[in-house]
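Chemist: Modelling step: build the complete structure from the supplied sequences, incorporating the hints.
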Amino acid sequence: MDYIKAFVIGGLFCAIGQIFIDKTKLTPAKILVGYVVAGVILSAFGIYEHIADFAGAGASVPLTGFGHTLATSVKEAVDQHGFLGAFTGGLSGTAGGITAAIVFGTAVALIFKPHKK
Amino acid sequence: MKSEEYNELVKKVSPKSPILKDTLFAFLIGGTICTIGQLLYTIYYEVAKLSVTDAKTYVSITLILLSALLTGIGIYDKIAKIGGAGTLVPITGFANAMVSPALEFKAEGFVLGLGTKIFAIAGPVIVYGTTASVIYGIIYYFISKFTV
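Listed in order, the protein sequences are those of chains H and B.
Each residue of the first sequence is one higher than the one before, starting from -18 at the first, in this note's numbering.
Each residue of the second sequence is one higher than the one before, starting from 6 at the first, in this note's numbering.
Just so you know, these hints were derived from the structure itself, not from any lab.
None of these values were measured; they are calculated from a predicted model.
Glycine included, C-beta positions come from ideal geometry on N, C-alpha and C.
Just to be clear, a hint being listed does not mean it is correct.
As the list claims (entries may be wrong) - No farther apart than 25 Å at their CA atoms in a straight line, the calculated lysine-lysine pairs in the DSS-like style are these:
{"hint": "1", "chain 1": "B", "residue 1": "Lys111", "chain 2": "B", "residue 2": "Lys122"}
{"hint": "2", "chain 1": "B", "residue 1": "Lys86", "chain 2": "B", "residue 2": "Lys26"}
{"hint": "3", "chain 1": "H", "residue 1": "Lys6", "chain 2": "B", "residue 2": "Lys26"}
{"hint": "4", "chain 1": "B", "residue 1": "Lys54", "chain 2": "H", "residue 2": "Lys11"}
{"hint": "5", "chain 1": "H", "residue 1": "Lys94", "chain 2": "B", "residue 2": "Lys54"}
{"hint": "6", "chain 1": "B", "residue 1": "Lys86", "chain 2": "H", "residue 2": "Lys6"}
{"hint": "7", "chain 1": "B", "residue 1": "Lys122", "chain 2": "H", "residue 2": "Lys6"}
{"hint": "8", "chain 1": "B", "residue 1": "Lys86", "chain 2": "B", "residue 2": "Lys122"}
{"hint": "9", "chain 1": "H", "residue 1": "Lys94", "chain 2": "B", "residue 2": "Lys26"}
{"hint": "10", "chain 1": "H", "residue 1": "Lys11", "chain 2": "B", "residue 2": "Lys122"}
{"hint": "11", "chain 1": "B", "residue 1": "Lys111", "chain 2": "B", "residue 2": "Lys83"}
{"hint": "12", "chain 1": "B", "residue 1": "Lys83", "chain 2": "H", "residue 2": "Lys6"}
{"hint": "13", "chain 1": "B", "residue 1": "Lys86", "chain 2": "H", "residue 2": "Lys11"}
{"hint": "14", "chain 1": "B", "residue 1": "Lys54", "chain 2": "H", "residue 2": "Lys(-14)"}
{"hint": "15", "chain 1": "B", "residue 1": "Lys83", "chain 2": "B", "residue 2": "Lys26"}
{"hint": "16", "chain 1": "B", "residue 1": "Lys26", "chain 2": "H", "residue 2": "Lys11"}
Said to hold, decoys possible - Some residues of chain H that are not near chain B, with every Cβ distance over 10 Å (derived):
{"hint": "17", "residue": "Ile2"}
{"hint": "18", "residue": "Lys6"}
{"hint": "19", "residue": "Glu30"}
{"hint": "20", "residue": "His31"}
{"hint": "21", "residue": "Phe47"}
Modeler: So this is what it looks like as C-alpha cells:
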C-alpha cells in the first residue's frame, strides 16, 4: 500500500510540473525553484507534514520534499539553538543530499565523456 | 486482432493532445522514481534499522548517485525525453541538472566550466530554498518566543 501511495502522490507532483512546462513558459530551473520554495511554505503552514505522513517517498522524493526538509530542519534547529538555528538549520538538514549531488556530480563529470544532444 | 483494429484501439486509448500524453508519462515515470524511493526507504528503515531521518537522507543520496551514473552513461537524458517533468521534479532531476551541464561544459575548463556550470540550475534552487528556510526560521523564532 505504501508503494501505491508513493507512486500516485509522487506521480501527481510530477504531472503538475508537466502542466506548468506545457502551459507556461517557465524553464526547468524556475520550476525547481518554485517546487523547493513551495515545499518550504507548505511546511511552514503545517500542510506538507500531512502529505509526507500519507505518501512517504511520494512526498519526500519530489523537490517539494527538499523544501520540506529545509523547513523542518530549521524549525528543529530554532527549537534547540534559538535564533542561530534559523541560519544553521536548513543547510544542516539537507547537507547529505547537497553534498552527494556535488561530489557524485563532480566525479561523474570528470570520469565520463559528454554526450551529443 | 487485425492491424487496422489494433490501430483503431491504439487511437482510442492513447491520449488525444500532447499535453495529456506528456502529463501521463510524467505521472508514470515520476511515480516510478518515487516508488523506487519508497523501496529504498523500506530497505534502509526496516532492514538496515536506520532512524527515520537517516533512512530518508540515505534514500536521497542513493537516488542522487543512481541519477548521476545514469546521466554519465547518457541514459537519464533519454528517459527525460519521454518523462519530462517526471524526471525533473524528483531529486534525481536535481542531480541530473547538476551533472548534465558539468559534463557538457567540462571542455571549457575544470574550474570555470565544470565547477561553475554544475550550479547552473542547482545554484538558484539552493539560493532560494535556503533563503526561504531562513525567513521561515526567523518568523518561527519570534512566534515561538512571544507566544507561550
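Chemist: Run every hint past the structure and note whether it holds.
Modeler: Each hint, compared with the structure:
Note on B:Lys111 and B:Lys122: the hinted pairing holds, with a Cα-Cα distance of about 9 Å set against a maximum of 25 Å. Taking the CA atoms of B:Lys86 and B:Lys26, the gap is about 13 Å. The hint holds against a cut of 25 Å. At most 25 Å may separate the alpha-carbon atoms for a hinted pair to count; H:Lys6 and B:Lys26 meet this at roughly 19 Å. Among the hinted pairs, B:Lys54 with H:Lys11 is inconsistent with the structure: their alpha-carbon atoms are about 37 Å apart, more than 25 Å.
A C-alpha spacing of about 38 Å is found between H:Lys94 and B:Lys54, which places the hinted pair above 25 Å, so the restraint is violated. For a cut-off of 25 Å, the pair hint linking B:Lys86 to H:Lys6 stands: about 18 Å separates their Cα positions. For a cut-off of 25 Å, the pair hint linking B:Lys122 to H:Lys6 stands: about 22 Å separates their Cα positions. Straight-line distance between C-alpha atoms of B:Lys86 and B:Lys122 comes to about 21 Å, which keeps the hinted pair within the 25 Å bound.
At most 25 Å may separate the alpha-carbon atoms for a hinted pair to count; H:Lys94 and B:Lys26 exceed this at roughly 32 Å. With a C-alpha separation of about 16 Å, the suggested pairing of H:Lys11 with B:Lys122 holds against the 25 Å cut-off. For the hint pairing B:Lys111 with B:Lys83, the CA-to-CA distance comes to about 20 Å; that is within 25 Å, so the pair holds. Of the pairs offered as hints, the one joining B:Lys83 and H:Lys6 holds, with about 22 Å between alpha carbons and a cut-off of 25 Å not exceeded.
For the proposed pair B:Lys86 and H:Lys11, the alpha carbon gap of about 19 Å is at most 25 Å, so the pair holds. Using a Cα cut-off of 25 Å, the hinted pair B:Lys54 and H:Lys(-14) holds, with the two alpha carbons roughly 22 Å apart. Distance hint between B:Lys83 and B:Lys26 is fulfilled; the C-alpha atoms sit about 17 Å from each other, no more than 25 Å. Restraint check: the Cα-Cα separation between B:Lys26 and H:Lys11 comes to about 23 Å, which is no more than 25 Å; the hinted pair holds.
Consistency note on H:Ile2: stated as away from chain B, yet its beta-carbon is not over 10 Å from all of that chain's, at 6 Å minimum. Taking the minimum C-beta to C-beta distance to chain B, about 14 Å, the non-interface status of H:Lys6 holds against the 10 Å cut. Consistency note on H:Glu30: stated as away from chain B, and its beta-carbon is indeed over 10 Å from all of that chain's, at 13 Å minimum. H:His31, annotated as away from the interface, keeps every beta carbon of chain B farther than 10 Å; the closest lies near 16 Å.
Against the 10 Å criterion, H:Phe47 falls within the reach of chain B, whose nearest CB is about 7 Å from its own CB.
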